[in-house]
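One-letter residues, chain by chain:
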Amino acid sequence: MGETVGIRHRATVVGCAGVTWARRLLAQAITRSGRLMQSTFDGGYVPQARVQDSVAIELDCLSAGYGVRQVLEDITGRFEPGSLTAIVGPNGAGKSTLLNVLAGLKQPRSGTILLRGIPPESIGFLPQIDAIDRSYPISVLEFVALGQWARFGAFRTPSYDLMTEVVAALRAVGMQDAATSQIGDLSIGQFRRVLFARLIVQDARLLLLDEPFGGMDLKTTTDLLALLQVWHREGRTIVAVLHDLNHVGTTFPSTLLLARRVIAWGETSAVLAPDNLARAGMGEVEPGPRIAPLRLVPS
Amino acid sequence: MRAILLDPFWTFGFMRTALVACLGLALANAPVGVLLLQRRMSLTADVLSHAIMPGAALGFLVAGYSLFALSLGGIVAGILVALLASLTARFNGEGSEAALAVFYLLSLAAGVLLVSLRASNTDLMHVLFGTVLAVDQRALVFIALVATVTLFAIAMVWRPLAVESFDPLFLRSIGGGGPVFRRLFLILTVLCLVAGFQAFGTLLAAGPLLLPAAAARHCSRDLRIQIGLAAVFGVVASVAGLLLSYHLNVPSGPAIILAGGGIYFLALLLPRRESASANANWQPAE
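Note that the protein sequences, when read in sequence, are chains F and P. Here the first sequence is numbered in my numbering, starting from 438 and rising by one per residue. Here the second sequence is numbered in my numbering, starting from 3 and rising by one per residue.
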């Protein structure tokens with residue numbers, strides 16, 4: 438089984454789709470994964486056994502900034518193990534900065550961040566979509582396979598079973614038909630699904646998602662929100678930066694309301710109270726002056 | 003026909019040496035050039051080619067026209083500027099382009115100044131535009147060395163380098179490194195430029211690096227095919243340029259660059275396969 442053409446070669450995981458072998462490989466992998474993953478996304482992604490040791494994050498007086506600009510001040514609090522937390526706040530509130538600090542991508546100015554005994558590879562980080570160069574010629578299959586970086590790293594050869602897992606993950610997000618497409622040919626929504634497939638393959642205990650639902654249609658959003666809930670039931674700790682408060686209300690039990698400092702942190706319904714939102718600068722928008730309709734022909 | 007195509011190389015040893023040098027350069031330059039373009043770093047390559055100059059000039063002042071001194075000075079200066087530019091970019095947050103332009107101008111000015119301290123105008127012309135036909139055995143060995151190191155290094159770090167090209171935050175978040183590979187790639191770029199420096203001079207050294215790769219990008223989306231094509235285009239441009247320079251009695255470096263430009267314009271005629279929705283103006287987040 439391990440002697441399959443191509444999969445032993447380094448360039449297969451990152452490089453470009455060698456279309457012929459990829460198709461053959463795909464056909465094999467789909468047959469195999471049929472047993473593992475009986476159902477596609479709609480039939481319900483079968484939750485795995487609960488994750489061992491859910492991760493808790495404790496923040497103490499955390500500050501961060503860029504140059505002379507202080508973006509986060511005095512952030513203190515705790516993401517409970519197995520919690521599903523939304524970070525909301527106005528633009529420039531430091532939401533992405535906080536996520537980058539949690540992911541270890543940015544050094545805090547001061548304060549401490551306690552991530553109990555978790556190696557970097559068990560953090561699943563979903564960057565903002567703009568941080569990824571989608572013009573790079575790489576197939577969906579290879580892109581999703583990168584989720585298992587921890588197992589093959591920069592130099593080792595990926596195992597054959599990896600492809601089975603990749604295809605299973607693609608089925609779980611409904612993207613199995615696009616496995617040999619280039620990531621540059623996907624729509625935003627499709628690419629988001631592929632990013633989620635990479636997270637499935639990564640099988641991380643802590644998931645940090647930066648605006649995972651921007652620019653997507655209702656169907657895609659609903660599907661991916663459901664996937665988040667599956668992960669939540671599996672006991673993974675999830676922190677996501679979100680903009681749509683409706684999604685926060687329906688899916689996220691806890692919320693951190695951020696406006697450079699913590700405005701409120703706790704149970705979602707309490708955090709999203711109108712006075713909190715007003716304090717964060719996210720209150721109800723005042724009705725503006727009525728704008729006269731544009732006239733093309735002077736009357 | 004045979005007289006036009008083969009005799010120059012048959013008759014003259016220096017033409018053969020120049021040809022072999024160009025073949026070695028084409029091999030080393032192909033993967034580096036393709037990755038430079040894919041990573042939108044062609045300006046960086048340009049700046050680094052100028053950054054070599056003050057170092058090479060210092061080497062020249064100390065040791066005269068010695069390949070070792072010129073190359074060592076060039077490598078040290080190039081790597082220094084590469085690191086300085088990345089540091090400046092980090093401190094400023096944005097505007098690495100401006101920092102690059104500053105370094106580019108400063109290096110060129112400092113280089114010209116240093117060379118003029120002791121050398122004649124002919125020497126200055128050599129440093130600026132190179133002399134393919136003056137490449138000797140030792141330069142050939144150096145080029146072969148650089149080609150070997152570059153090809154092996156790129157093959158070794160291909161995967162992390164690729165991921166760092168399109169999803170740097172992901173690579174860093176899983177502890178796969180990132181800056182390390184970017185710096186290694188910059189060093190390889192400097193090596194290629196120094197290898198090409200003697201043949202093409204500081205003003206044109208980026209040409210054989212970027213032109214064949216730019217032409218190859220128009221022919222395929224597959225990076226591996228692009229690299230192969232870039233090597234072939236580099237070889238074809240070298241042969242064509244050397245023959246042009248021989249028969250028309252024009253400088254060989256510019257002739258090779260112009261031949262590369264000709265291939266590029268031919269490749270432009272092909273229909274370009276562009277990604278449908280890809281973010282064309284993507285810039286890596288710092």
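Some hints could be false.
As the list claims (entries may be wrong) - Here are some chain F residues the structure puts well away from chain P; computed CB gaps all over 10 Å:
no., residue
1, E510
2, I569
3, R642
Claimed, not checked - Covered by chain P, according to a simulated footprint, are these stretches of chain F (three or more residues, beta-carbon under 8 Å):
no., stretch
4, 542-551
5, 572-580
6, 583-596
Hints were generated in silico from the structure; no laboratory data involved. Quantities reported herein were computed from a predicted structural model and do not represent experimental measurements. For glycine and all other residues, C-beta sits at the position ideal for the given N, C-alpha and C.
Tested hints:
1. E510: It holds; E510/F is separated from chain P by about 19 Å at its closest Cβ, greater than 10 Å.
2. I569: violated (5 Å)
3. R642: holds (13 Å)
4. 542-551: With 1 residues closer than 8 Å to chain P, the stretch 542-551 of chain F misses the three-residue bar; violated.
5. 572-580: holds (count 4)
6. 583-596: holds (count 6)
Hint compliance for this structure: hints 2, 4 are not met, and every other hint is.
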